[in-house]
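Just so you know, the protein sequences line up as chains A and B, in that order. Everything in the first sequence is counted per our numbering, starting at 1 for the first residue and increasing by one. Everything in the second sequence is counted per our numbering, starting at 272 for the first residue and increasing by one.
None of these hints come from the bench; they were simulated from the model. Nothing here was measured: the structure is a model prediction, and the numbers come from that model. Incorrect hints may have been included.
Label-pair distances were calculated between CB atoms; the ranges are [to be verified]:
hint, chain 1, residue 1, chain 2, residue 2, range
1, B, L306, A, G169, 23 to 33 Å
2, B, L306, A, E199, 21 to 31 Å
3, A, S182, B, L307, 54 to 64 Å
4, A, R217, B, L342, 33 to 43 Å
5, B, L342, A, D195, 31 to 41 Å
6, A, Q72, B, K332, 35 to 45 Å
To give an idea of the chain A side of the interface with chain B (calculated C-beta under 8 Å), a few residues [stated by the list, open to error]:
hint, residue
7, V146
8, V149
9, D153
10, E167
11, R168
12, A186
13, R188
14, G189
15, M191
16, L192
17, D196
18, L198
Each residue gets a CB set at the ideal place from its N, CA and C atoms; glycine is no exception.
Residues per chain, in single letters:
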Amino acid sequence: MSQVLVVTSGKGGVGKTTTTAALGAALAHDGAKVVVIDFDVGLRNLDLVLGAERRVVFDLINVINGVAKLPQALIRDKRIENLHLLPASQTRDKDALTQEGVEKVIDELREKFDWIICDSPAGIERGATLAMRYADAAIIVTNPEVSSVRDSDRIIGILDAKTAKAERGERVDKHLLITRYSAAAAARGEMLTIDDVLEILSCPLLGIVPEGKEVLRASNVGSPVTLNDPQSAPARAYFDAARRLKGEQVPMVVQGATRSIFTKLFARKAA
Amino acid sequence: MSFLRLFRSGSAPIARERLQILLAHERTATDQPDLLAVLREEILAVLGRHVAFEPDKVQIKVDRGKSVSTLAVDIEIPNSRTAGALAA
Chain A
1 MSQVLVVTSG
11 KGGVGKTTTT
21 AALGAALAHD
31 GAKVVVIDFD
41 VGLRNLDLVL
51 GAERRVVFDL
61 INVINGVAKL
71 PQALIRDKRI
81 ENLHLLPASQ
91 TRDKDALTQE
101 GVEKVIDELR
111 EKFDWIICDS
121 PAGIERGATL
131 AMRYADAAII
141 VTNPEVSSVR
151 DSDRIIGILD
161 AKTAKAERGE
171 RVDKHLLITR
181 YSAAAAARGE
191 MLTIDDVLEI
201 LSCPLLGIVP
211 EGKEVLRASN
221 VGSPVTLNDP
231 QSAPARAYFD
241 AARRLKGEQV
251 PMVVQGATRS
261 IFTKLFARKA
271 A
Chain B
272 MSFLRLFRSG
282 SAPIARERLQ
292 ILLAHERTAT
302 DQPDLLAVLR
312 EEILAVLGRH
322 VAFEPDKVQI
332 KVDRGKSVST
342 LAVDIEIPNS
352 RTAGALAA
């Protein structure tokens, strides 16, 4: 049974593409067949973050228009063979992305993959609404910052109203993923805490990804952080989130957070 | 944690409160997105029956608070015409 996920946020720059790549690789790492789709027509970047930018021949719109067959457009990852990318078109008109076309592509992908992850563009325009349209579940990527939280609230409203599931009277499962979190800044009262964000958005938490230089380093070299630096705190957070998506119970911890002074003192004594 | 929070001096509590107020309004406002525009039109229509004023000299301000919001309508009415309107 395949699962269609949309990675969305409303606001740009919060980590949707990073998250799509990291979760896609983490899920594929365990043997599942995964495809990640870039819906950002005209501003594609998932290919770049995955290090496949030089291998793009056909794209999502080519498939919709019938210029290419789906298997021709899919790019297989060189590191994990069961991870695939369907890139967005860089040049073509955004209107070429049609609802019927997207539905047909997703239906075809459902037959071949366990996980279909749609990387939404920022905003609430066509690309964003089509990315979420056929989703079974949504990952809402939020930074602990006012504008991101506000836009996430808006996106949650749209997920409940404008998706195919919502129109059938069903619900799109919603998972909140808080990224670029700093436990130290939150403890100092300089950043919204996890509890603050959860209370405001009242949405189940999928994971907490701490701010880390490993995320930038991974995008610099074109590799998902979960592959490039699997032991880093952000990667461990993404692996935890991937396990929760599969239904496993994983304790919610902030990976890599400095332990409190008490535990530090205690650990030193014990050592 | 809540005990520690008393000593927090950062700006995060302000962010939290601003978001709570804003989103409480935005969630209800989606049913009636143009409430302010409708109010403005109807208020001006009623006033227009009694006094003459320039539509450009009307300022509508709203301040959304936690438990109450205020709507302030500031209309500049020229003195001479008002006198005429009252006399008529």
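Are any of the numbered hints broken by this structure? If so, which, sorted upward? Hint check: 3, 4, 6, 10, 11 and 18 fail, others pass.
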